[in-house]
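*Asks:* Take a look at the letters that make up each chain.
There are 2 protein chains.
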Amino acid sequence: MIKIVLLGAGNVATHLYKGFKKANTVNVVQWYNRNLKSIETYKNEVKITDNVNNLIEADVYIIAVNDDAIPELSSTLPFENRLVVHTSGSARLYDIDQKLYRGVFYPLQTFSKAVDLDFTTVPICIETLRKKDFKLLETLGQSLGCVTYKVNPKQRPALHLAAVFVNNFTNQIYRIAHEITEKQGAEFDILKPLITETARKVQEVSPYIAQTGPAKRNDKKTIKRHLKLLDNPDQEAIYKLMTESIKKTHGH
Amino acid sequence: MIKIVLLGAGNVATHLYKGFKKANTVNVVQWYNRNLKSIETYKNEVKITDNVNNLIEADVYIIAVNDDAIPELSSTLPFENRLVVHTSGSARLYDIDQKLYRGVFYPLQTFSKAVDLDFTTVPICIETLRKKDFKLLETLGQSLGCVTYKVNPKQRPALHLAAVFVNNFTNQIYRIAHEITEKQGAEFDILKPLITETARKVQEVSPYIAQTGPAKRNDKKTIKRHLKLLDNPDQEAIYKLMTESIKKTHGH
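Chains as they are written, first to last, in the UniProt record's numbering: chain A, 1 to 252; chain B, 1 to 252.
This is chain A alone, in the form it adopts within the complex (with noise of 0.2 Å):
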């Protein structure tokens, strides 16, 4: 049984407890919020506090908050040589205090606060100093059913980097779709099928292989036609922007 105390009790931190909660091999013996109320509704099932020098001794303290607020918050644990890892993408493992055994658990996926979460969807990137921390953080990630990775110093913050343009770029994207669409009050219903078989085919391909259209091509007209639809200059500078890179990528 790993007895975990976490810290935090934003989006990552909820999901986590709840995962944590269904696993049977993981015990969260406490959870740590500098402010109560966000945590009161679970007092019931899970010892809570709000002050660091009441935390109970336990395998792996699991840091959720901000990413500012990892080193402060490490640097007032009241204890030396435990595991304390914090869950972000970006900030470093060296945020958390020296005094600490460091790691870091990151899971790689975009959290809804309404959505229970499917842990056999995120992949955990494992960073730690010392082997022994990274095989108890890879056995804790196996407990919620999660697959897990080993990453380093450079690697996660070049996937968190990654995980900001298939997410939030791909995202926005989607959202430009629906404007041209709506503007001419059409469905976006329509497309999301193709966004679903687009997001599809790069599992079993490469993101190179997979590509088609009037950029890769350099079908000189349908680009053509397609600038004169586009009235919106930030629209159009992006059209502009990806064609030019598809047509990079492929050689013309």
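In case anyone wonders, no lab produced these hints; they're calculated from the structure. Be aware that a few hints might be false.
Since the list can't tell identical chains apart, any single copy or any two copies may satisfy a pair.
Keeping only pairs whose Cα atoms sit at most 30 Å apart, straight-line, the calculated DSBU-like set for lysine-lysine is [as the list claims (entries may be wrong)]:
1. K135 <-> K240
2. K113 <-> K22
3. K99 <-> K47
4. K154 <-> K221
5. K221 <-> K240
6. K228 <-> K37
7. K21 <-> K113
8. K248 <-> K224
9. K131 <-> K183
10. K43 <-> K216
11. K132 <-> K99
12. K47 <-> K154
13. K228 <-> K247
14. K47 <-> K113
15. K132 <-> K183
16. K216 <-> K18
17. K21 <-> K247
18. K247 <-> K183
19. K37 <-> K216
20. K37 <-> K221
21. K224 <-> K192
22. K220 <-> K22
23. K221 <-> K183
24. K113 <-> K247
25. K22 <-> K3
26. K154 <-> K224
27. K99 <-> K221
28. K37 <-> K47
29. K18 <-> K113
30. K240 <-> K113
Please build the complex by placing chain B on the supplied structure of chain A, with the hints as guidance.
*Replies:* Positioned in the frame of chain A, the structure of chain B alone reads:
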């Protein structure tokens, strides 16, 4: 039984042929291609020809050829006052010769040659001049298991343009993410569940609602750190432009 003559032998034509073969209420009575070789494999199951003067009578003639070839092919058809449709997202309905009853039967989906298509995931955008023709094409789409949509001459090009965004541009975003992870020797596989979840989310909520991340929060520190990680100027330009676009959409 709707009698169909198919013209063309590309991806769309071939997938339509296979789809119609399975449908109970549709009969492909003939398949035309200017080059017989491409459709010779099917000669035991359907009449094939490379001569428009040998075309037999049908309820609808489906032209699935390159956009540029539509006007000429339709003008050489040796009959008039029959329903002839093309399958293009961007060619005009009027590209079909005016001696014919004209229409568009545009499947808005990405087609891979190798993989058999599940037509239930293919929305069909229908444009016609006569109500009667719309009804027939609607029935045709439904016989394949497709959801059909009535579109007007402004909506179809807008949908085609929006499709380039959600398919080609999204795929290029995936490609860049692949480059970023590969550069650090991190596995692109780690991003795949996030790609799936990003596409799934907008099936239920609008892309506007679904947005998260540093650009939406105007988290300058993370944005700056990301820009520092990017040493490829093309990737940097895309990061900046997409970040500005998200900031604008979400009121920063």
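*Asks:* If the cut is 30 Å between Cα atoms, do K99 and K47 qualify within a copy, between copies, both or neither?
*Replies:* within (25 Å within a copy, 80 Å between copies)
*Asks:* Within a copy, between copies, both or neither: where do K228 and K37 come within 30 Å Cα-Cα?
*Replies:* Close neither inside one copy (54 Å) nor across copies (38 Å); limit 30 Å.
*Asks:* Should K22 paired with K3 be assigned to within, between, both, or neither, using CA atoms and 30 Å as the limit?
*Replies:* Within. Shortest intra-copy distance 14 Å satisfies the 30 Å Cα cut-off; inter-copy 58 Å does not.
*Asks:* Given identical chains, is K154 near K221, meaning Cα to Cα at most 30 Å, within a copy, between copies, both, or neither?
*Replies:* Classified as between: cross-chain Cα gap 18 Å, same-chain 43 Å, threshold 30 Å.
*Asks:* Is it within, between, both, or neither for K47 and K154, if the alpha carbons may be no more than 30 Å apart?
*Replies:* neither (37 Å within a copy, 61 Å between copies)
*Asks:* Have a look at K18 and K113 and pick one of within, between, both or neither, based on CA distance no larger than 30 Å.
*Replies:* within (12 Å within a copy, 44 Å between copies)
*Asks:* Within, between, both or neither: how does the pair K132, K99 come out at a Cα-Cα threshold of 30 Å?
*Replies:* The answer is within: 17 Å in one copy meets 30 Å, while 79 Å across copies does not.
*Asks:* Between copies, within a copy, both or neither: which fits K37 and K216 at Cα up to 30 Å?
*Replies:* For K37 and K216, only the inter-copy Cα distance (27 Å) is at most 30 Å; the intra-copy one is 54 Å.
*Asks:* Quick one: K37 to K221, C-alpha cut-off 30 Å, is that within a copy, between copies, both, or neither?
*Replies:* between (60 Å within a copy, 29 Å between copies)
*Asks:* Is it within a copy, between copies, both, or neither that the alpha carbon of K228 lies no farther than 30 Å from that of K247?
*Replies:* Classified as both; 19 Å inside a copy, 25 Å across copies.
*Asks:* Using 30 Å as the alpha carbon limit, work out where K37 and K47 are close: within a copy, between copies, both or neither.
*Replies:* Within one copy, since 13 Å is at most 30 Å while 75 Å is not.
*Asks:* How would you label the pair K21, K113 (within, between, both, or neither) given a Cα cut-off of 30 Å?
*Replies:* within (17 Å within a copy, 46 Å between copies)
Hints 1, 6, 10, 12, 17 and 22 from the list above are not met by this structure, while the remaining hints are.
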